[in-house]
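What follows is each chain in one-letter form.
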Amino acid sequence: MNVLKNLYNWIDVRLGAREIIDKKRSGYLLPSNINACYSLGSVLLVIFALQIVTGLLLMLYYVPDIDKAFNSVSFIMNEIPLGRLIRLCHAVGSSMMILVLLLHMFSVLFMGSYKSPRELHWLTGFILFLMAMGISLTGYLLPWNQLSFWATTVATDCVGTIPIIGQYLVELLRGGKLVGFQTLGRFYTLHVGLLPAVITILIGIHLFLIQRTGVSTPPFGIDNTSNQWKSEKFAYEEHPGGIPFFPNFFLQDMISVSLYLACFMALVFFFPNLFIPSTAYMPANPYVTPANIKPEWYFLANYQTLKLFPSEIIGLTVQVTALAFVALLPFLDRGTEKHPLKRPVFTFCAVAGILLWLGMTVWGYYS
Amino acid sequence: MIGCTTTLILLVSFILSSSILASAAGQQVIVCIQCHTGQPAQLSQPVKLWQASIHAEHGIACNACHGGDPLDSVSAMSPARGFRGTPLPTAVPALCGGCHMGVMKYYALSAHGKTLGSGGPTCVTCHGSHNVVSASLDLISKKNCTPCHTFDQARLIRSAMLKTEGMLKAIEKRISTLKSQGIETDGLEKRLFALRNRFHAMYHSLDINLIKQESAHIQAELEKSNGVGGVGTGPLPGALAVGWALLAALLFSLIKKNVD
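First to last, the sequence lines map onto chains A and B. Residue numbers 0 to 366, in numbering that gives the first Met the number 0, belong to the letters of the first sequence in order. Residue numbers 0 to 259, in numbering that gives the first Met the number 0, belong to the letters of the second sequence in order.
Warning: the hint list may mix true and false statements.
[To be verified] List time: in silico DSS-like cross-link candidates among lysine-lysine, alpha-carbon distance up to 30 angstroms: (1) Lys67(A) to Lys178(B); (2) Lys142(B) to Lys104(B); (3) Lys211(B) to Lys47(B); (4) Lys168(B) to Lys178(B); (5) Lys67(A) to Lys172(B); (6) Lys256(B) to Lys4(A); (7) Lys211(B) to Lys113(B); (8) Lys168(B) to Lys189(B); (9) Lys113(B) to Lys162(B); (10) Lys22(A) to Lys229(A); (11) Lys189(B) to Lys67(A); (12) Lys176(A) to Lys67(A); (13) Lys189(B) to Lys211(B); (14) Lys172(B) to Lys189(B); (15) Lys293(A) to Lys255(B); (16) Lys189(B) to Lys162(B); (17) Lys306(A) to Lys293(A); (18) Lys293(A) to Lys178(B); (19) Lys211(B) to Lys168(B); (20) Lys22(A) to Lys255(B); (21) Lys142(B) to Lys255(B); (22) Lys189(B) to Lys104(B); (23) Lys232(A) to Lys22(A); (24) Lys256(B) to Lys104(B); (25) Lys255(B) to Lys4(A); (26) Lys211(B) to Lys162(B); (27) Lys22(A) to Lys256(B).
Note that these hints are calculated values from the structure, not bench results.
Please construct the entire structure, taking both the sequences and the accompanying hints into account.
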């Protein structure tokens, strides 16, 4: 124990560790009515860390070459000790990351936490969501199996519907006319290099913004649920009489992370193929198109929307408009009320939008 | 400034460059199919039949049996390029036996083989010529056998092979399930392929004693294959992992209750 105490003192005199911990214990107070939804951000941090760790381990054996990629993944899954577990954790983790991100965004949406002064929090979060979808899409191609090859072909084809520059963008993404070794090289670079770096920076900015403004007050269990922010000058949102982050809310974070890990492990061990269809275990064959090729579940709504409209450009325009609307929501919704039941029009529209997205996803799956 | 601009231009060119495009040329359609597909029914029908055959499934094209040059439309049917047209019925077993050597050996020793040229069946009698079907118990049927003889002997042979065929099918299904879970099955597939070929070749001997004896050997081999595979993450480690995570959640919530 003395050794640990001495080590703590050694760090403290150099970095002021005690001051940081004391500040977190008493200085960093959170709203007294804070709920478990606020810990979804911490769950996402854990998921991202797990993706990085498992991704790095996979990189030890994965070969980004169209002739070797599939076999290298098969080798990881069948020959490397714990390789199967690590690969499944990475593959299932990517879907879980999107799922938890969606839940996090929904909770922010319904609790009105995106309202002033947190427009930038929402915007960085939304960009993070797009980046997460991007990193999942680029990672999808890497095992070079039938599903990944054809899903990437379909996904990159969609970009071609953009007027004038569409075909150039398709070639830029693919590195050629068709999905081939250049596409694999590009997607690999994006997946393991550029996108993780961008995501890490965006997470840093997101956390910095939260630290600067303080945590928003949830609109539940209090009388005044309107936004208290005054736009005259910057002010940190204090929560006098609130609960300290450490250890109180840190423990809530740990509970949520543990529950997430229980669900995650249940999926990895007992239902790993829920997110991985059998075509994902067949090597890519550019000459044989599998029947009913579908993108990952989080792209199914986009896929179905494109099919729904007579012209793909209309489908694409509708989607871009919807995305822009969601991204700019804090700038469009200037009402001060945060409680979902006290702003019924917004709540109705939000629920309808989510149900529409779910409906399109289910329709896309069965179409 | 000029240096920066040049670097930027070079970088953009590097990203945009598609000069070394992968020439993923389309799968070459052999000229026989190109030409015969547009021919009147009698000449185009073989293409349709072949497309549904086991040969098409394994990429065995027209030239494998008919000879010729499938890549040169001008001399595709030139005898100088090995084109042999429709083989004579008596030449069929030797032609098929060029690839299916094990089958040929058993066929030649059988009553079928011994009556070749005097009304006995050739390979195409049961397996078809263009719509070639693989060896299976379905081929040993009243429809196929009774035009020439009674079904009695055939029925005995069929029932002697029934169990082994069932085992082969079950292992095939199992391999398919394992493959759909990303489990390496190459070794198992190769072993099954060899055993199935050995078994199916034996169909052709028509010797009931040999079939019974060999079936027993093959069944013993298949039993060995039955335990292979199944390299999974397993339910016990899964239950432990989920259990630990739930226990941690419970522990943290107890501590939190204490702290609150």
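>> Need the list of violated hint numbers for this structure, in ascending order.
In response: Numbers 3, 15, 21, 24, in rising order.
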